[in-house]
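Undergrad: Build out the structure end to end from the sequences listed, making use of the hints.
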Amino acid sequence: MIQYYIFVAANYLVSAYSFLLIIYILMSWIPSSRDTSFGRFLEKICEPYLGFFRKFIPPLGMIDISPIVALLVLNLALNGLRVLLF
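In terms of my numbering, the sequence shown opens at residue 1480 and continues consecutively.
For the record, the hints were derived by calculation from the structure and aren't laboratory data. Mixed in with the good hints there might be a few duds.
As the list claims (entries may be wrong) - FRET-style restraints, in silico, Cβ to Cβ:
id, residue 1, residue 2, range
1, P1538, I1481, 41 to 49 angstroms
2, V1552, I1502, 30 to 38 angstroms
3, I1547, Q1482, 13 to 21 angstroms
4, L1551, Y1484, 19 to 27 angstroms
The C-beta atom is built at its ideal place from N, Cα and C for all residues, glycine as well.
TA: In structure tokens form, the structure reads like this:
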């Protein structure tokens, strides 16, 4: 029973963090949005995680695919936790 609550909490956290990552990625399309206090807050939360993937995955021209890989890894980790707990 405790495994269920652990998974539900992890699922909520991963969903919330994924949502914040998507907002941060979309903010890159609006030039001055990252200079706001909300943009700086998201940068402090999202950039350490995205920076890890940017070290290993170079951009393809003007397109940075590291956020896609970061979201994929986050969801794979959640699925791995589900397999381990159930």
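Undergrad: Please go over all the hints and tell whether each is borne out by the structure.
TA: Evaluation of the provided hints:
| no. | hint | result |
| --- | --- | --- |
| 1 | P1538 <-> I1481: 41 to 49 angstroms | 43 angstroms, holds |
| 2 | V1552 <-> I1502: 30 to 38 angstroms | 18 angstroms, violated |
| 3 | I1547 <-> Q1482: 13 to 21 angstroms | 30 angstroms, violated |
| 4 | L1551 <-> Y1484: 19 to 27 angstroms | 26 angstroms, holds |
When each numbered hint is compared with the structure, violations occur for hints 2, 3.
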